[in-house]
Amino acid sequence: MMEFWNRFRQNRGAVVGLLILLLIVVLAAAAPLLYPKSPWSMVQRPFLAPFAMDAFPLGTDPMGRDVASAVAHGARVSLLVGLVSTVVSMLIGVPIGAIAGYFGGRIDDALMRFTELFQTVPSFALAVVLVAIFQPSLYSIVIAIALVSWPPVARLLRSEVMALRSREFVEAAILSGQRARTIILRQILPNTLSAIIVMASMMVAAAILIESSLSFLGLGDPNVMSWGYVIGAGRTVIRQAWWVSFFPGLAILLTVLALNLIGEGLNDAMNPRLKRRGK
Amino acid sequence: MRHVVSATLALLLTTALAQAEATPGGTADLIVQPEPPGLMIGIVTNGPALAVGGNIYESLLRYDETLAPMPSLARSWEVSEDGLTYTFHLQEGVTFHDGTPMTAADVLFSVNDFLMKTQPRHRNTMAQVESVTAPDEATVVFKLTQPFEPFIRAFAYGTMPILPKHIYEGTDYMTNPANDKPIGTGPFRFVEWQRGSFIKLEKNDAYWDKGKPYLDEVIYHVIPDAASRAVAYETGVVDILPGGSVENFDIPRLTELPNTCITDKGWEYYAPLSWMWLNNRNPPMDNPKFRQAVMYAMDRQFALDVLWNGYGKVATGPISSKTPFYSQQEPVYEYDPDKAEALLDEIGYDGEPIRLLPIPYGETWQRWAEAVRQNLQDVGIKVEMEAADVAGWNQRTANWNYDIAFTYLYQNGDPAIGVSRNYITSQIEQGSPWNNVEGYSDPEVDRMFEEAALAYPAEARQEIYDQVQVKLQEDVPVAWLLELTFPTIYNCKVHDIVTSAHGPADSMRDAWIEQ
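Chains as they are written, first to last, in the working numbering: chain P, 1004 to 1282; chain A, 80 to 594.
Simulated from the structure, these hints should not be mistaken for laboratory data. For clarity, every value in this text was computed on a predicted model and none was experimentally measured. Among the hints, erroneous ones may be present.
[To be verified] As a list, the in silico BS3-like pairs of lysine-lysine whose alpha-carbon atoms are at most 30 Å apart:
#1 A:461 with P:1040
#2 A:279 with A:196
#3 A:291 with A:244
#4 A:550 with P:1040
#5 A:222 with A:260
#6 A:550 with A:418
#7 A:418 with P:1040
#8 A:550 with A:392
#9 A:572 with A:344
[To be verified] Pair by pair, the computed Cβ-Cβ distance ranges are:
#10 P:1048 with A:100: 40 to 48 Å
#11 P:1047 with A:284: 56 to 64 Å
#12 A:473 with P:1123: 54 to 62 Å
Built from N, CA and C at the ideal position, the CB exists for glycine as well.
Model the full assembly from the supplied sequences, consistent with the hints where possible.
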C-alpha cells in the first residue's frame, strides 16, 4: 500500500487532483452547516455582484438566491449522482463483460451485439430521452446515466477477462474443478481491479458532466439544486450577471479535472510498467 | 400660483401635441410570432393570425382601453331602452380591397352565415340573438331574445370580422382560394407572404377613414428564435416588438437602448390573469383556510418586480382590473407569512406533501414556480415540484391530476365570457384545461354569475359582480397571482401603435412614423 502511494504521489498532477477533490468533498459534506438555509431561498436582492457583500462572496442570482450556497449544495448532488450512477453502471457492465469474455462464442456474440445496441445511440441523446420519459428526478437521472455509460465498462472487462482467460492460473483453476462463477469472482475479477478503478474515476467525471448537461437543459430534478441547473438558469442573464453561471461552471471544471488527474495517477500507480510511456 | 403652473403645463402639453402631428409615409416593420397558419381571420383565430388580420379585416366596432365601443365599420349605433335591440349605422363609402362596396348585405352574410359555420364562439354569442336584419343598405339591426349586456363587446375584429359576400357566397368557405389572399375592408391590403420570412401589407388608398392610414407599408417579420428577434430590433430591422416577441429577461436590456419606448397598454381586451389552480377536491386544498394560507404565503409583489420587470399588477381577485365590472373588494391578500402559518396551525396541517405543477411556458414561469415553492415552504407547506411538457401539463390539468398548478387565461372583455367559466358548477367537466378545473362549486356563486350575465343595464350587473368578487375572494377557489401584460417595445419614432384595447393588432390604422 505504501509503495502504491509512493508511486501515486510521484505524479504531481494526481496529487493536486486529489487535493481539489478532497476540498470539494469537504464542501459537500459541510454544505448543510455552512448554509443551513435552503439554497432555493431568496435571501438578498437579485443580481448582487460577487464580493459586494461579505455574507455573499459569490453574489446572488436573478432571484436573489445565494450563489455560494447553490455551489455548496450543488456539490452534494453532483458527487452523489456521479458516484451512484458509476456504481450502477459498473453493476451492469462488469457482469456482462466478464461473462462475455469468459465464455466466448455465442454468449459473447449475443452479449456484445446487445452492448452495441446501446453504443450505437449517442449516449447523451439517449440520456435525454430516458429522463424525459421517466420524468426528471434524481432516480431517473442516475438510472439514465448508468444505462448510457455501462457499455464501455462491459467492453473493457471483456477484453481484460479474455486476456486473463488463457493464463496458466486460470487454466489450473479450471483443471482443479472450480466452477465458472468461482473462477470469475476469485481468480479473474481481482486481477481486473486496477483497470476498473481507473475507469471508474473517469466515469464519475463523465457522469457529473452528463448530470450537469441534463440540468442545464431543464431536465434536472426540479427539487434539488445542482450545478447544471444554476448554469442553465443563469445562462439567460449572462450579459447582466456573469457570476451566476461562472462559479458553478468553475466548480464543474475543477471537479472533472480533479477526477481525471486522479484517474491518470491511479493508472500510473497501478501499472508501473506503463508509467513512463511516451516520455 | 397653482393656476399659473397648470396653465403653463397645459400650454406645454398643447405644444407637444401640436408637434406630434401625424405625417404620412414610411414602412413599419413588426414581428409576428409564431408564423400564423393563415390570415383569413373568419377561419383562423389564433393570436398571430389576429395580430396581422386585424389590420386587413374590420368589424363594426373597436374598443378603447376601458373597453368602451368606438366606431369602426359602424359610424354610430343605438341600443334600445330594454337592451333588446341594437341598431348599427354603417360608414359611408366603404369598399373591400378589390373595389366592391361593403354594404349591410355583407354584414348579414358574415354574421348569419359565414361565422356561424366557422366560429364556435360566434355561435355562442348568437344564441342570444333572435334575428339580424338590414332595413336598408347602411343599417343593421340585431334583436336579442333577452337583455345581454356583454353583447356590445362582441363586435371586435377577432370575433366578428366583416367578410366579402361576393367572394364567399355559395362556395366552400374552408377551401375557398381567396383564403390565401385575404380581402377585407381594413386600412391595409394584403400583398405578399413569403412563408418563413415575412408578410407584407400595403396602404389601402380607398380606406373609408379619409387621410388614414398614414403608413405606406406594414411588414410582419417571421423570426423563429427569440434571441434573434431581440437582435433584429437592436439592429433596426424591426421597429416594433409586439408583446410576447422577446423573452422577459431581455426587456430591461432592450428598453435601455436609445430611442426605445415601451408600453404595456393594448392588452385590456384579453386582460390575461394568472393564477394557480388549487385542486378543491383533494385535502388539504378542500379547506378554504388552507387556500387562504396559500394566498398569504405568496410574495406576489416580488414575482411582479423580479420576474415580470414590474409590468403587470398584483391580482386582487377573479376579475382583472382591466375588465369591466372589476371592483376592489375585501379581503385583499397581502404577503403575510405569519398569518399563513397561523391559518395552517388552526386547521392542523400535518406536513402532507403538496405537488406543484409549473406551466411549461419557459424560463420566467419556471423561476416563478420556484419562488412560489420557496414561499410555501417558508410557511411550512411541504412542496414537491413536478415537471411536465405542454402536452403533459394540458393533460394533467384537464384531468384534474394535480394539487397546485400554474395557469393563465384571457378574460375576453367580460366576466360573463371570460371569468364565470372558471368558477361555476356547470363548467366542471373533465377534458378541458380552461373551464372550472379546480372543482369549486357553490350554488350561490352559480346563481350570482347567472343573474349577472343577464342583468340589464350595466349598473345592475355591477352590483352582482361586486358580491361575487367578495364571495370568491373569501373562498379562494384558486390562488390569484398577477394581472399580466406583455409590453410592446418599439422605436420612439413610431407613434400611435396602440390606440385600442387590442394593441397593435388593430391599431396600425392610426400609426405613423416621424419623418
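A quick look at each hint next to the structure:
1. Our distance criterion of 30 Å between C-alpha atoms is met by residue 461 (chain A) and residue 1040 (chain P), whose separation comes to about 15 Å.
2. With a C-alpha separation of about 29 Å, the suggested pairing of residue 279 (chain A) with residue 196 (chain A) holds against the 30 Å cut-off.
3. At roughly 25 Å between alpha-carbon atoms, residue 291 (chain A) and residue 244 (chain A) fall within 30 Å of each other, so this suggested pair holds.
4. About 38 Å separates the Cα atoms of residue 550 (chain A) and residue 1040 (chain P), which puts this hinted pair outside 30 Å; it is violated.
5. Taken as a hint, the residue 222 (chain A) and residue 260 (chain A) pair is broken in the structure, with Cα atoms around 34 Å apart against an allowance of 30 Å.
6. Taken as a hint, the residue 550 (chain A) and residue 418 (chain A) pair is honoured in the structure, with Cα atoms around 20 Å apart against an allowance of 30 Å.
7. This hinted pair checks out: residue 418 (chain A) and residue 1040 (chain P) have alpha carbons roughly 22 Å apart, not beyond 30 Å.
8. Taking the CA atoms of residue 550 (chain A) and residue 392 (chain A), the gap is about 21 Å. The hint holds against a cut of 30 Å.
9. Between residue 572 (chain A) and residue 344 (chain A), the direct Cα distance comes to roughly 18 Å. Compliance with the 30 Å bound is thereby established for this hinted pair.
10. For the pair residue 1048 (chain P) and residue 100 (chain A), the supplied restraint of 40 to 48 Å holds, since their beta-carbon distance comes to about 45 Å.
11. Restraint check, residue 1047 (chain P) to residue 284 (chain A): a C-beta distance of roughly 59 Å satisfies the suggested window 56 to 64 Å.
12. Remark: the range hint 54 to 62 Å for residue 473 (chain A) to residue 1123 (chain P) is contradicted by a beta-carbon distance near 34 Å.
Comparing the model with each numbered hint stated earlier shows that hints 4, 5 and 12 do not hold.
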